[in-house]
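Taking the hints into account, I'd like the entire structure generated from these sequences.
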Amino acid sequence: MKKRKVSIEDIARRAGVSHSTVSRALRDNSLISPKVREEIQKIAREMNYVPNAIAQSLQTQRTNTVGVVVTSIADPFYAEVVEGIEQVARTAGLSVFLTASHRDFEQEIAAIDNFHRRRVDGILVTDSRINKKNTNKIGEIAVPTVLINSQTEDQPETFHTVTVDDFLGGRLAVEHLIELGHRAIGYLGVGDRSQSNYLRLEGYRRALREAGLPENSDWVAISDEENTRINDVDTGKKMLPKLLTTGVTGIFCYNDMVAVGALLACQELNILIPQNLSLVGFDDIALCRYVTPSLTTVCQPKLEIGRSAMQMLLDLLEEKSVENLVLSPFVVKRNSTTAFEQQSAGAEGHSREFLTANSVLIMPDGQCPVPPTQCPMPNVQCPFSIT
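Mapped onto numbering that gives the first Met the number 0, the consecutive letters of the sequence shown carry residue numbers 0 to 386.
Any given hint could turn out to be false.
[Claimed, not checked] Listed next, the in silico BS3-like pairs over lysine-lysine satisfying Cα-Cα at most 25 Å (straight line): (1) 319 with 4; (2) 41 with 319; (3) 4 with 41.
[To be verified] Just the calculated beta-carbon pair ranges, DEER-fashion: (4) 219 with 26: 48 to 58 Å; (5) 75 with 47: 46 to 56 Å; (6) 288 with 197: 24 to 34 Å; (7) 117 with 211: 49 to 59 Å; (8) 82 with 117: 16 to 26 Å; (9) 267 with 98: 34 to 44 Å; (10) 340 with 18: 55 to 65 Å; (11) 89 with 266: 36 to 46 Å; (12) 75 with 205: 23 to 33 Å.
The hints are simulated quantities; they were obtained by calculation from the structure and are not laboratory data. Cβ atoms here follow ideal geometry from the backbone N, Cα and C, with glycine treated the same way.
Structure representation (structure tokens):
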């Protein structure tokens, strides 16, 4: 096991003085008496303290700015995260520079490099694609860097992270549907955010297994298109018809925007939510409260994510010890889910044109591809029987 490096906080505890006193003593600051300086420096040598060269250089080169790389300026999720970042930064007297990576690795690297040239004091990166294999592409980042919801499992050890427990979130979403009596539960995912999609899908599968429910591969639909070519709303709208042919009665969506796309598709199909189908999102963006019906979702504590990441960056700038942080999500119940026994009532019928145009399974001669026993909406006139 790798031994933890001695920090200024460790020396402060040993010497019985404050963090700032140790920091000044190690820099031979005249505000600290020669006797105290000598004692603290002796303790530091005994503890084999190795100064952080980056932090030392920053002491005299602060610009009081931090750079934040988000996936998109228009992303409603990270709008709230940035608000949390700015709250803490403002209190500390720091200004925030903002740029977007558009979930593109090369643009992410370019953004970090640009911030580095601007000599920001620290950098925060959302949805990062940086891992140990490609650290050579970013060279030596000479400022503290914090990754928020990193999309790689093996991020560089020199970076610190603030993440949400995606596995737990996926598990909670499906457990909510199971508690409502659903037994055929689908997952609507994305393919360009491998780490979070994988963990949410694993949480989905764990919940099914623990409830003794089958894992049907047909119940899982994951878009293979990159977000740079198709947005999450379009993903949900495009992928939903495929799941409808499998007999699912509830669907857990990768995020709220995918769920909104699924909701729009249902409206075009004349499928009522939640009377015919229950939907659960992930993130709890503000839009969830205003769509009709309001969206049940897994809440990521967005303001807390931003505040925690910015505070971690401040601690790194002060050369304090920090630990990577994992925050817990929770379910927010609204109106897009209902008990299974209350479903399959009140619909006015599907739209045959929309379903057949977008569904993977299209059968000739008006034959429905879904077995009668698996039909998710048995009380609704089947679109394949319409002449």
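So, going through the hints one by one against the coordinates:
1. For a cut-off of 25 Å, the pair hint linking residue 319 to residue 4 stands: about 11 Å separates their Cα positions.
2. About 20 Å separates the Cα atoms of residue 41 and residue 319, which keeps this hinted pair within 25 Å; it holds.
3. For the hint linking residue 4 to residue 41, the alpha-carbon distance of about 17 Å falls within 25 Å, and the restraint holds.
4. A C-beta distance of roughly 57 Å is found between residue 219 and residue 26, which places it inside the suggested range of 48 to 58 Å.
5. The hinted range of 46 to 56 Å is satisfied by residue 75 and residue 47, whose Cβ atoms lie roughly 48 Å apart.
6. Separated by about 29 Å at the C-beta atoms, residue 288 and residue 197 satisfy the suggested range of 24 to 34 Å.
7. Checked against the hint of 49 to 59 Å, the pair residue 117 and residue 211 passes, with Cβ atoms roughly 56 Å apart.
8. About 22 Å separates the C-beta atoms of residue 82 and residue 117, a value consistent with the hinted range of 16 to 26 Å.
9. A beta carbon spacing of about 36 Å between residue 267 and residue 98 agrees with the range 34 to 44 Å that was offered as a hint.
10. Between residue 340 and residue 18 the beta carbons are some 59 Å apart, a value that agrees with the proposed interval 55 to 65 Å.
11. Checked against the given bound of 36 to 46 Å, the beta carbons of residue 89 and residue 266, roughly 41 Å apart, stay inside it.
12. Residue 75 and residue 205 have their C-beta atoms about 28 Å apart, which keeps the hinted 23 to 33 Å range intact.
Going through the hint list in order, the structure satisfies each hint without exception.
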